[in-house]
Amino acid sequence: KAGVTQTPRYLIKTRGQQVTLSCSPISGHRSVSWYQQTPGQGLQFLFEYFSETQRNKGNFPGRFSGRQFSNSRSEMNVSTLELGDSALYLCASSPWTRRETQYFGPGTRLLVL
Amino acid sequence: KNEVEQSPQNLTAQEGEFITINCSYSVGISALHWLQQHPGGGIVSLFMLSSGKKKHGRLIATINIQEKHSSLHITASHPRDSAVYICAVGVGGGADGLTFGKGTHLIIQP
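Chains as they are written, first to last, in my numbering: chain G, 1 to 113; chain L, 1 to 110.
Isolated chain L (complex conformation) (with noise of 0.2 angstroms):
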């Protein structure tokens, strides 16, 4: 079973700042995504990785396989990103559902 670990669990920072939040599982995977919850509960996927580094607008999301671990960047910080961000990875050959971190809150002040 895989488990995945995000930290930080909670973040609050100032407008401007990069953010980084981490990600590590313990077993092999197909593919890593990262996935944005709002309050409200509407969730979007952000990213889906299986190597290297995609980047979207301000989002930066890299995956280093050897290691298990990915990070999501955010550069230039704005109070509209305050969500959940989630974490899940996928096994391959389709025995296994996602399995999910646990989230990391992160707060942008004005």
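Same shape as in the complex, but just chain G (with noise of 0.2 angstroms):
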């Protein structure tokens, strides 16, 4: 099975700017969670999908979106970007639900100037 895809891989944003991140997961995988990494938080949990509902949230501001399409696809959405959202953003599927083992992509690397 193919893994875990994200598109772009790196991404150059400016202040103020909007950013739409995808990620494709393993195939049969229903449940999609996305993270932000960063060099001083390290990884934190951002929110979880299951069968296109948002499922769980953490504790970020409501400027970061998501949404599951009908084949599991996931997208995230960061609206009036700020430099401190500069970061690694990873995405992980299981099976079910995020308490099962996750698959990791290879993460969207964010740069906000």
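Source of the hints: derived by calculation from the structure; they are not laboratory data. There may be inaccurate statements among the hints.
Straight line, CA to CA, 27 angstroms or less: simulated DSS-like cross-link-like pairs of lysine-lysine [to be verified]:
(1) G:K1 x L:K55
(2) G:K1 x L:K54
(3) G:K57 x L:K102
(4) L:K68 x L:K102
(5) G:K57 x L:K68
(6) L:K53 x L:K102
(7) L:K55 x L:K102
All values derive from a computational prediction rather than experimental measurement.
Make one complex out of these two single chains by using the hints.
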């Protein structure tokens, strides 16, 4: 099976812009979770989607949002970008829940200037 | 909120040494994950534990639920084991996502 894919891999944006990141899970996996990784805060949970519904959300402002499509592909959007949003954004998929083994994508590295 | 502490933060060892990385957490969990992250960012899930011990090749993970503690051991360490090892915990009931430790930077010198 193909692994988790994320696009784009690298992105440069300026403050105030918005960005959309995409994640395609392993075929058959229905749970997709998103994480942010920064040098200062480490890895932090953003949200989890299952069957097109957001099941859980981490402690991030409303500028961070996401959605999941019927084929389990997921997108996350960050509006009104801030310098502090510069990070590696990782998605991970699992068959049913994030409490199972998670399979991570390579990440999207976002730089906000 | 669960707090996850890992030790040591940094570890440099010689090839062949036995490595132990520790993880402690503050509240009860449903599962604990050990992750490996190589330079460049890719993360691989090594183990998911809810009790006892698991072994995969030269890697062994143990968890003590009563003491809220887990260890990751690497036997016969090799330079390719050099990576960041991250402990993450999940709370039962589906209320929260994973909470992560800060990671242990491991360097194995030839």
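Taking the hints in turn, this is what the structure says about them:
no., hint, verdict
1, G:K1 x L:K55, "24 angstroms, holds"
2, G:K1 x L:K54, "25 angstroms, holds"
3, G:K57 x L:K102, "20 angstroms, holds"
4, L:K68 x L:K102, "17 angstroms, holds"
5, G:K57 x L:K68, "25 angstroms, holds"
6, L:K53 x L:K102, "23 angstroms, holds"
7, L:K55 x L:K102, "23 angstroms, holds"
When the structure is compared with the earlier hints, no violation turns up for any of them.
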